[in-house]
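A.B. asks: First residue of the sequence shown: 1, per UniProt numbering; consecutive thereafter.
Derived by calculation from the structure, the hints in this document are not laboratory data. Idealized CB from N, CA, C, for every residue including glycine.
Cβ pair distances, simulated, as ranges: (1) Thr72 x Arg52: 26 to 34 Å; (2) Gly165 x Asp273: 17 to 25 Å; (3) Phe216 x Asp58: 36 to 44 Å; (4) Arg272 x Gln99: 23 to 31 Å; (5) Ala4 x Arg95: 52 to 60 Å.
Below, in silico cross-link-like pairs of lysine-lysine (BS3-like), each with a Cα-Cα straight-line distance of 30 Å or less: (6) Lys247 x Lys284; (7) Lys34 x Lys61; (8) Lys284 x Lys250; (9) Lys249 x Lys284.
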Amino acid sequence: MDAATLLATVARANCPEDVFSRRRYRQQYLAYLKLLHPDVCALPGAADAVARLNGYADQLKALDVLDDDAGTLRRLDERTFRLEGEADQLRQSYRNYQQLMAFSDAAARNFQRYLPASLEWEGAALRLSGPDYLLPLTGLTLAPEHVGWVLSRVLELTAWLHQVGLCHAGLNPEALALVPDTHGIVCLSFYHLTPLNGPLRTVSGRYLNWYPPSVFAQKQATAYVDVSLAQRVALYLLGDPSGHGVKLKKTVDARLIDFLLTPHQNAYHTLRDYRQLLGHLFGKRQFHPLDV
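Please construct the entire structure, taking both the sequences and the accompanying hints into account.
C.D. replies: What follows is the structure, given as C-alpha cells:
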C-alpha cells in the first residue's frame, strides 16, 4: 500500500478495524507511520491521518488488557494470557479447569480442544496458553456467517458440559476467545462452573442483565442459564453490546435474531436446530476465512 492509498483508507475509516488487524496492529502501525509521518510524507492531511492512527492504535492496545470477573486478563503474546486478580476466584477457576481436563473419554478428548492448552500458576496469577492465536470476544463485531460458527462452537462446549453434569454459568465476552485460524474457540475462565441443576452460588456481576430472570428467583444452575448466555454472546458479536438484540432486526436476517431471542432449554437440541437454521440462511457449510 502506498502513502496516497493509505491516506484515503484512513480518511474513510470509522473504527480501528477499518485500518488495522487486531492481530497485527502493532506491526501495521509502525509500517503506516513510516509512510505517513509528516517528516517523510508531504501529502495534505498526513498529520491528521497520523493522529487518527494514533487514536485507533490506542483503542486496540486497550483491548490487550481486559477486566474480567476475577480482575484482569492481560495479553502476553498471540496465544498467551495472564489472569490476575481475586485469589479465591482464580483458585476456583483453576480447580474447575483441572476437573474438566481430568475427563479422559473420547468425547472429552474432543471437546477439551475448547479449553486452554495449559493453565498454570505464575506467582499469584494464572498463565493461560492456547495452541494458536487467541482473540477474546471483547469489542468484536462479526458478520453473521462468522457468528454462525462461533455460536456453534459455544453450544458444542455447553452441550458437553451439560452431558458431564456441569453448568458454566459465566459465558461472556471475556470468558471466551476465538481461534480464527481454525474456526475454534477457547474458554478462558471457569469462575462460576458448578454442578448442573444444583444451587447457583455465583454469577458474573458485569453481565447480570444477561441472565434470564428465573435465575434470580430460583438460583439454580440449569441448562437454560448457559444456553441463554450463549445466545447473548451471539447477539453481542452481531453488534449489540447490550446482548438484547432487538435493534439488530434492522440489519440482520430476522430469522436469526428471532432464534437468538427465543428461550431454549437444552443445549444439544438448540445446537441441532441452530445448524438447521444456518443451512437455510447460508446454504451448504463452508469455511469462511476470518482475518482479524
